[in-house]
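Full structure from sequences and hints, please.
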Amino acid sequence: MTENRGAGHLGTQQLIRYAILSYWAIFWLFNMVDKVIGGAHFLWVGRDRFAQFQKYFDSVGLDAPHVANAALVVAAALEAFALLFFATAAFREFRGHHDEAHRNALVGTLFTLGTFTFFSIGDHWFGDRFELLEHTLFWFVSLASWAAFSQLQPMAESTQGALPRRETLLAAVVGAALVLATGTAIFKHNTTDFIKRSAAITAEPAGDHLYKVSFPFLGGSTVFENSLARFKEDHPDEAIDHIYTVPGPLRLKKADALIFYIATEDRP
Amino acid sequence: MKERRLIRCAILVFWTLFWGLSVVDKIIPDVRFLWVGKDFFALFIKFFGSLGLKDPLFATCALAAVSALEAVNFGLHAAALASFFKREETVTDRRYFRAILASMVLFSLFSIADQVFGDRFQLLEHGLFWLVLLASWVVFRHVPLGDRTISLSPPKSVRWTLIAGLMLTVLTSWSIFQFSEATFSNASAPVQGEEVVEGVYKFDFPFLADKRVWEATVNTFMADHPELDVRYIYTGPSELNSKKKTHLLLYVFTEPRP
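Chains as they are written, first to last, in my numbering: chain A, 1 to 268; chain B, 1 to 258.
Hints are computed from structural coordinates only; laboratory data are not their basis. Mixed in with the good hints there might be a few duds.
Cβ-Cβ distance ranges computed for the label pairs, FRET-style [said to hold, decoys possible]:
hint, chain 1, residue 1, chain 2, residue 2, range
1, B, L131, A, F42, 33 to 43 Å
2, A, S22, B, A42, 37 to 47 Å
3, B, P144, A, R166, 38 to 48 Å
With a Cα cut of at most 30 Å, we get these calculated DSS-like pairs of lysine-lysine [claimed, not checked]:
hint, chain 1, residue 1, chain 2, residue 2
4, A, K254, A, K196
5, A, K254, B, K46
6, A, K254, A, K212
7, B, K211, B, K26
8, B, K211, B, K46
9, B, K156, B, K2
10, B, K202, A, K212
11, A, K188, A, K254
12, A, K196, A, K232
13, A, K55, B, K202
14, B, K211, A, K55
15, B, K202, A, K232
16, A, K196, B, K202
17, B, K38, A, K55
18, B, K26, A, K55
19, B, K26, B, K54
20, A, K232, A, K212
21, B, K26, B, K46
22, B, K2, B, K86
23, B, K211, B, K38
24, A, K212, A, K196
25, A, K212, A, K188
26, B, K202, A, K254
27, B, K46, A, K55
28, B, K26, B, K38
29, B, K38, B, K54
A few chain B residues that don't get close to chain A, going by computed Cβ distances all over 10 Å [unchecked claim]:
hint, residue
30, S50
31, S83
32, K86
33, R87
34, L101
35, P190
36, T217
37, T220
38, D224
Note that CB positions come from ideal geometry on N, CA and C, so glycine has one too.
Dropping the structure here:
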């Protein structure tokens, strides 16, 4: 069994090995947490996998919730084992037991590859090409990270020397100046623009019984509702006939946020 | 089983399934019981229609050619997998090389078509698949994977990991079943509206809701408010949603009945 020489002599290859194992352990840990929590709560949104699986199986005619539950349990089992093997590998690697770490990371990688293969079968079956691409990419990332991990030598000497004192000082001064400039800009923007998260927008006349509302990027359902309330207050003699949302292709790419028109008619 | 063999097996199984299911998707072209898949015929018809080739013969011939190439890819991958299981290493390498080459040719053809039809998202998708194929072959053939053996009877430390994995699976399964039981009614129950502006009601649809929930919601709302006329229903665009937390917002505009 190969042993580490201590944290003071970490080589670049050893650091990348830590990074790979930590990444996958954290990746699967948060997937498990997402499954255990289930649904959106205060401080956690996650993804409603039950709703996603239920809709997939319903689309092929299997609407019983037990089918979606069973598929989720299989996915959860694969993810649980991937998590535990990567977590064990990371623990062993930090303790300097590289052979043990290697064996656990290999099993963790096989569970990861198996999980994404399982998901890819579902993507073909349910016709979700975007998820197929996503899962194939994750499958490949797992394979590539294993290839990198297995080639890196835990005992290799560091090829990185320390930065010269002058360069370090210069980097620190420039870095601090940039942090100050960006920090000031961000806080200033927050002071002037956060109000747009809820403030009502006044509709501008755009034609006969037609009004235009241009949303700010921060606008959401609260802005929409407040804007409607203001519109009703400002135009008590008109009733809303319908609302037309300007589709994406008609907007000026990223410069325009949501735009909609309110068409009205005179109240009898 | 040796480490190298395990990784190679994972690569071959993934791509054999990938092409096998792509062929199945072409054999079952429509939505059926137990299969949805993707309607490539409709996609091809639209692509060729945009070029001015409205005759369905063009799309049909193109789809038949693509299906034939996918069947060849599947056959080559399946042959490589079969020789892998027979432990014929040289034959496996040769067959897998042919399979990868044929697959890359197919994705190159797709990419040419994406440029002709101006579909940049599909171009990115096919470019990425092409890259993953290439990288899979590099890992399969040229990365010196270790010769360590993974024993089928694991050591004591691994046995503890397996026990912990089983316990974690049981815990997660319990949570999944609880959540399923608590939320499954959302797949059919009508959503309750909230009057956000005078005469305007907001409905925050859950993730499980579909067209049946929409119908139940509108009918229930009308039955509960016989004094109101529904004048207009507005589907809130995605910009109104709080990112991943909201699924669908619906606004119902009403007026008092005369």
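A quick look at each hint next to the structure:
| no. | hint | in the structure |
| --- | --- | --- |
| 1 | B:L131 with A:F42: 33 to 43 Å | holds (41 Å) |
| 2 | A:S22 with B:A42: 37 to 47 Å | holds (45 Å) |
| 3 | B:P144 with A:R166: 38 to 48 Å | holds (42 Å) |
| 4 | A:K254 with A:K196 | holds (18 Å) |
| 5 | A:K254 with B:K46 | holds (27 Å) |
| 6 | A:K254 with A:K212 | holds (19 Å) |
| 7 | B:K211 with B:K26 | holds (28 Å) |
| 8 | B:K211 with B:K46 | holds (26 Å) |
| 9 | B:K156 with B:K2 | holds (20 Å) |
| 10 | B:K202 with A:K212 | holds (21 Å) |
| 11 | A:K188 with A:K254 | holds (22 Å) |
| 12 | A:K196 with A:K232 | holds (20 Å) |
| 13 | A:K55 with B:K202 | holds (24 Å) |
| 14 | B:K211 with A:K55 | holds (12 Å) |
| 15 | B:K202 with A:K232 | holds (16 Å) |
| 16 | A:K196 with B:K202 | holds (21 Å) |
| 17 | B:K38 with A:K55 | holds (16 Å) |
| 18 | B:K26 with A:K55 | holds (23 Å) |
| 19 | B:K26 with B:K54 | holds (21 Å) |
| 20 | A:K232 with A:K212 | holds (14 Å) |
| 21 | B:K26 with B:K46 | holds (17 Å) |
| 22 | B:K2 with B:K86 | holds (15 Å) |
| 23 | B:K211 with B:K38 | holds (21 Å) |
| 24 | A:K212 with A:K196 | holds (17 Å) |
| 25 | A:K212 with A:K188 | holds (29 Å) |
| 26 | B:K202 with A:K254 | holds (28 Å) |
| 27 | B:K46 with A:K55 | holds (27 Å) |
| 28 | B:K26 with B:K38 | holds (9 Å) |
| 29 | B:K38 with B:K54 | holds (21 Å) |
| 30 | S50 | holds (15 Å) |
| 31 | S83 | holds (20 Å) |
| 32 | K86 | holds (22 Å) |
| 33 | R87 | holds (19 Å) |
| 34 | L101 | holds (18 Å) |
| 35 | P190 | holds (17 Å) |
| 36 | T217 | holds (17 Å) |
| 37 | T220 | holds (21 Å) |
| 38 | D224 | holds (21 Å) |
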